[in-house]
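Enquirer: Sequence:
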Amino acid sequence: MKQQADFESLKREAAAAALSLVEDEMVVGLGTGSTAKHFIDLLGQAVAAGELRGVTGVPTSRASESQALGLGIKLIELPAAGIDMTVDGMDEVAVTNGRLDAVKGLGGALLREKIVASAAATFVLIGDDSKLVSHLGEKSPLPVEVARFGWQRTLRLLEDLSAESSGADSHVKLRSTGSEPYVTDNGGLIVDCYMPAGYDAATLAAALDATPGVVGHGLFLGIAARAFLAGDGRVRELAAEREATL
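Count along the sequence shown starting at 1, add 1, and that's the number in my numbering.
Don't read these hints as lab results, they were simulated from the structure. Treat each hint with caution, since some may be false.
Derived DEER-like restraints, expressed as beta-carbon distance ranges [what the hints assert, rightly or not]:
| id | residue 1 | residue 2 | range |
| --- | --- | --- | --- |
| 1 | S180 | A211 | 26 to 36 Å |
| 2 | T204 | S10 | 36 to 46 Å |
| 3 | F150 | R235 | 17 to 27 Å |
| 4 | Y183 | L70 | 38 to 48 Å |
| 5 | H136 | E26 | 31 to 41 Å |
| 6 | L239 | S10 | 29 to 39 Å |
| 7 | S35 | R235 | 26 to 36 Å |
| 8 | P213 | A17 | 23 to 33 Å |
| 9 | R149 | P80 | 35 to 45 Å |
| 10 | T212 | T57 | 33 to 43 Å |
Even glycine gets a Cβ: it sits at the ideal position worked out from N, Cα and C.
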């Protein structure tokens with residue numbers, strides 16, 4: 002229990018660092034997951050205390066929406082013009098050729114998370130320092146959201162694609178809750194792709210984008226501008242030297 006409590010404390014420290022970037026009247030994308038939950042909580046406290054005024058949130062899941070509303074954070078739908086900032090957790094983050102590349106979506110909200118992250122002028126990642134890896138795939142599978150229609154065929158395509166990308170050491174698995182498939186807020190299913198570290202993330206992302214039945218995937222390549230990682234009594238900030246053109 003102590004170890005879990007320590008991790009929660011680190012997540013909160015990283016969330017607090019990201020909160021310092023939020024200014025009055027900003028529209029902020031609210032991520033999903035255990036780390037993003039801390040950011041939403043701290044944002045709600047700041048709004049309630051009058052420390053931040055006119056801040057509006059765009060949630061990436063029903064869970065984040067419910068939490069934010071309970072804290073008195075005003076919410077809107079994602080505007081066509083985009084938003085000021087999105088803050089979200091990650092499952093892995095690596096520095097690749099000056100970019101911040103991440104795997105996200107183990108919480109099942111990867112599609113909405115990517116839509117909102119890509120719409121932000123600044124996308125900020127937060128987490129404990131165990132999330133920092135040399136190569137994507139060291140610790141986390143890659144979640145892929147697929148349409149329910151024809152999912153068996155899509156699963157086969159993902160099996161073939163992962164084998165082509167990473168060889169025999171890879172495998173894919175339909176995520177389930179008990180005996181039933183896990184269903185996202187969008188009504189899709191999640192396939193977790195397990196591949197050895199060091200796979201070519203950019204090539205794989207392009208292949209996934211071109212695969213019929215794939216709705217979205219958890220490769221967030223070069224989207225983030227900054228990452229706050231808490232550990233060893235400090236919060237470390239990583240800044241991208243260059244960002245992806247979306």
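Enquirer: Next, verify each hint and record whether it holds.
Expert: We went through each hint and held it up to the structure:
1. S180 to A211: 26 to 36 Å: Check passed, 32 Å falls within 26 to 36 Å.
2. T204 to S10: 36 to 46 Å: 38 Å Cβ-Cβ, so the 36 to 46 Å window holds.
3. F150 to R235: 17 to 27 Å: violated (48 Å)
4. Y183 to L70: 38 to 48 Å: violated (24 Å)
5. H136 to E26: 31 to 41 Å: holds (40 Å)
6. L239 to S10: 29 to 39 Å: violated (20 Å)
7. S35 to R235: 26 to 36 Å: violated (21 Å)
8. P213 to A17: 23 to 33 Å: violated (43 Å)
9. R149 to P80: 35 to 45 Å: violated (29 Å)
10. T212 to T57: 33 to 43 Å: holds (35 Å)
Checked against the numbered hints above, the structure violates hints 3, 4, 6, 7, 8, 9; every other hint is satisfied.
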